[in-house]
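Chains as they are written, first to last, in this note's numbering: chain A, 1 to 298; chain B, 1 to 305.
Among these hints, one or two may not hold up.
If you want the ones that stay clear, here's a sample from chain B, every Cβ over 10 Å from chain A, calculated [claimed, not checked]:
no.	residue
1	Glu69
2	Pro80
3	Ile95
4	Leu105
5	Arg130
6	Gly133
7	Arg134
8	Gly151
9	Thr168
10	Ser250
11	Ala279
Pairs of lysine to aspartate or glutamate residues, derived as EDC-like cross-links and limited to a Cα-Cα distance of at most 16 Å, are as follows [as the list claims (entries may be wrong)]:
no.	chain 1	residue 1	chain 2	residue 2
12	B	Lys77	A	Glu144
13	B	Lys251	B	Asp99
14	A	Lys102	B	Asp99
15	B	Lys89	B	Asp199
16	B	Lys89	B	Asp99
A few chain A residues facing chain B, derived, Cβ under 7 Å [said to hold, decoys possible]:
no.	residue
17	Val90
18	Phe110
19	Phe114
No wet-lab data here; the hints were simulated from the structure.
These numbers were taken from a predicted model, which means no experiment stands behind them.
All C-beta atoms in this analysis are idealised placements derived from N, C-alpha and C, irrespective of residue type, glycine included.
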Amino acid sequence: MASSSSTARVRRQLPTSPWLFAAPGLLVVGVFILYPFVSTVVNAFTDRRTLIPGTFVGLANFRELLHDDMFWIGLRNSTLYVLGVVPALVLLPLLLALLVQKNIPGITFFRSAFYTPVVASIVVVGLIWVWLLDERGLVNSLLESIGVGRVGFLSDQWLLLLSAMAVTVWKGLGYYMIIYLAALANVPRELHEAASVDGAGAVRRFLTVTVPAVRSTMVLVAALSSVAAFKVFSEVYLMAGPDGGPAGEDTTLVMLVQRTGTGLTGRVGYASAISVVVFVVTVGLMLLVLRADRKEDA
Amino acid sequence: MSVLANERDVERRPPAGRGPRRRRVTDEHGRRVRGWELALRYLLLLAVLALTVGPFLWQLSTSLKGPTEDIFSSPPKFLPGDPTLHNYKRVADTIPVWDYAFNSLKVAGANVVTNCVGSALAGYALARLRYRGRRVATLVFILAMLVPVEGIIIAQFTTMRELGLNNTLIGVVLPGCVGAMNVLLMRNAFLNLPYEIEDAAFVDGANTWQRFLRIALPSVKGTLAVVAIFAFMGAWDDFLWPLIVLSDPSKFTLTIGLNYLHGTFANDERLVAAGTVIAVAPLIALFACLQRYFFRGVGEGAVKG
């Protein structure tokens, strides 16, 4: 195009060129994220299987879900996961961030070291903890040598879920610590000084200065961690095995999606219906957390 | 260890009567940190260190213990009695671990290149170019970022099958090869650049491509580095997607291969430990080299956002 303009403000470009810049990104996101999202919702109303296209079945998949024990087990475990993991991930990384905030000698080393579990693959993390929590593993030999005796962390249904939660928290600490560090850097120092002058101790300053100042970050962490916790897959899959522990009692919703939807006989339609439940609950969780934030403002 | 921390503090305490020395320990507000408080801090730091890094060291120790050494002893033995690399050789004999590592490297390398190129181009288009439909394009990336990947994984798999790319490494790379979040990160970085420098280049006759390549891109190197690190780690560590796409053991990436090793040889912890060390060591090394860049980039992004 020959629109050679004399003013510098007018961009000289072919009319198609901005789209050429954005094309690779739009193509990837469109084909591999948005199209699968739409087809997940569509498939949820069909009886599609891996090798069979399937037909429209209305709400049949969702009706079946209501009577599927495995679905309720998955929903229960994913919900418990949110309730167990989120409070720990909102509070502990904040305390950790306060601990590494001061620029004392060697602090960069500690910050990086605390981030190591975030860097490591979830598979590595899962296998390390399976070994640590094994009937004959390190945690149990330590417990035995102090006289507590051995605990079946990986064989009991509830202890297994609790152990997986602990691993999720352990792996997430460093990640949320960094988010809190950035927020803490923006807390005005005058607030702390004023509180100190008024004679407030460390705990009191934490509650009256730090927590209110980083509250919006706490809400963000709550939102991020609750969505992630509800969609948990790898930790439980690795620690409980593909079948979800004793009698499948530790199955989570995403594990159920993976189990029912893959393989040559995979029920794609049914797995999509479970996925739709995951979407709805995830969006619900986000709205709930954000609403709780606004209420406290009022 | 509290003793050590106290000694450090004593070392740095300014002698009474003289002015404050330069290397005394101060907090973020420039006030001096008291000795007992510093000791407590180091004590807590070391406790958390043991908790976060300890498990990795225990894994390393297990991987170095020989076949005759009791790895289940109570109380546990932290240092291997007679360290050996035998288990690493046995992993390689049991599964093609170096092939798996090479597959992971290919996937992660491709992911870095495609994410850097794709998100820089798209981010530039969203932030710097004027055209109809720009808002729609931005919205597409925001929507894509909000879609939970775990929920669409089955449809991604069927899409990949329709394209005939399942059970290939290309199939592993494609869905995440231009991350929507990375595009938005790059967009924010480009938005923060002043317009004047580009206008000057424009007057000099530089076209869009030249302005992008010569002027805008060199100014956002920090964000690009963060995108590259995230892309590498994300691809190297990914588990669920390769588990679903890859069925042929010869094409496994390291994470899937490890899960396979664990499933097949669950009774030999030394072997599994050696495998996990092979998988995690390169990443820790990479992170240790780039961590300063990394923390700065993440911090900048968070403060600006």
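Hints, verified against the model:
no., hint, in the structure
1, Glu69, "holds, 14 Å"
2, Pro80, "holds, 14 Å"
3, Ile95, "holds, 14 Å"
4, Leu105, "holds, 14 Å"
5, Arg130, "violated, 6 Å"
6, Gly133, "violated, 8 Å"
7, Arg134, "violated, 7 Å"
8, Gly151, "violated, 4 Å"
9, Thr168, "holds, 14 Å"
10, Ser250, "holds, 19 Å"
11, Ala279, "violated, 5 Å"
12, B:Lys77 with A:Glu144, "holds, 14 Å"
13, B:Lys251 with B:Asp99, "holds, 8 Å"
14, A:Lys102 with B:Asp99, "violated, 44 Å"
15, B:Lys89 with B:Asp199, "violated, 60 Å"
16, B:Lys89 with B:Asp99, "holds, 14 Å"
17, Val90, "violated, 17 Å"
18, Phe110, "holds, 5 Å"
19, Phe114, "holds, 5 Å"
The structure fails hints 5, 6, 7, 8, 11, 14, 15, 17 (numbered hints given earlier, in ascending order).
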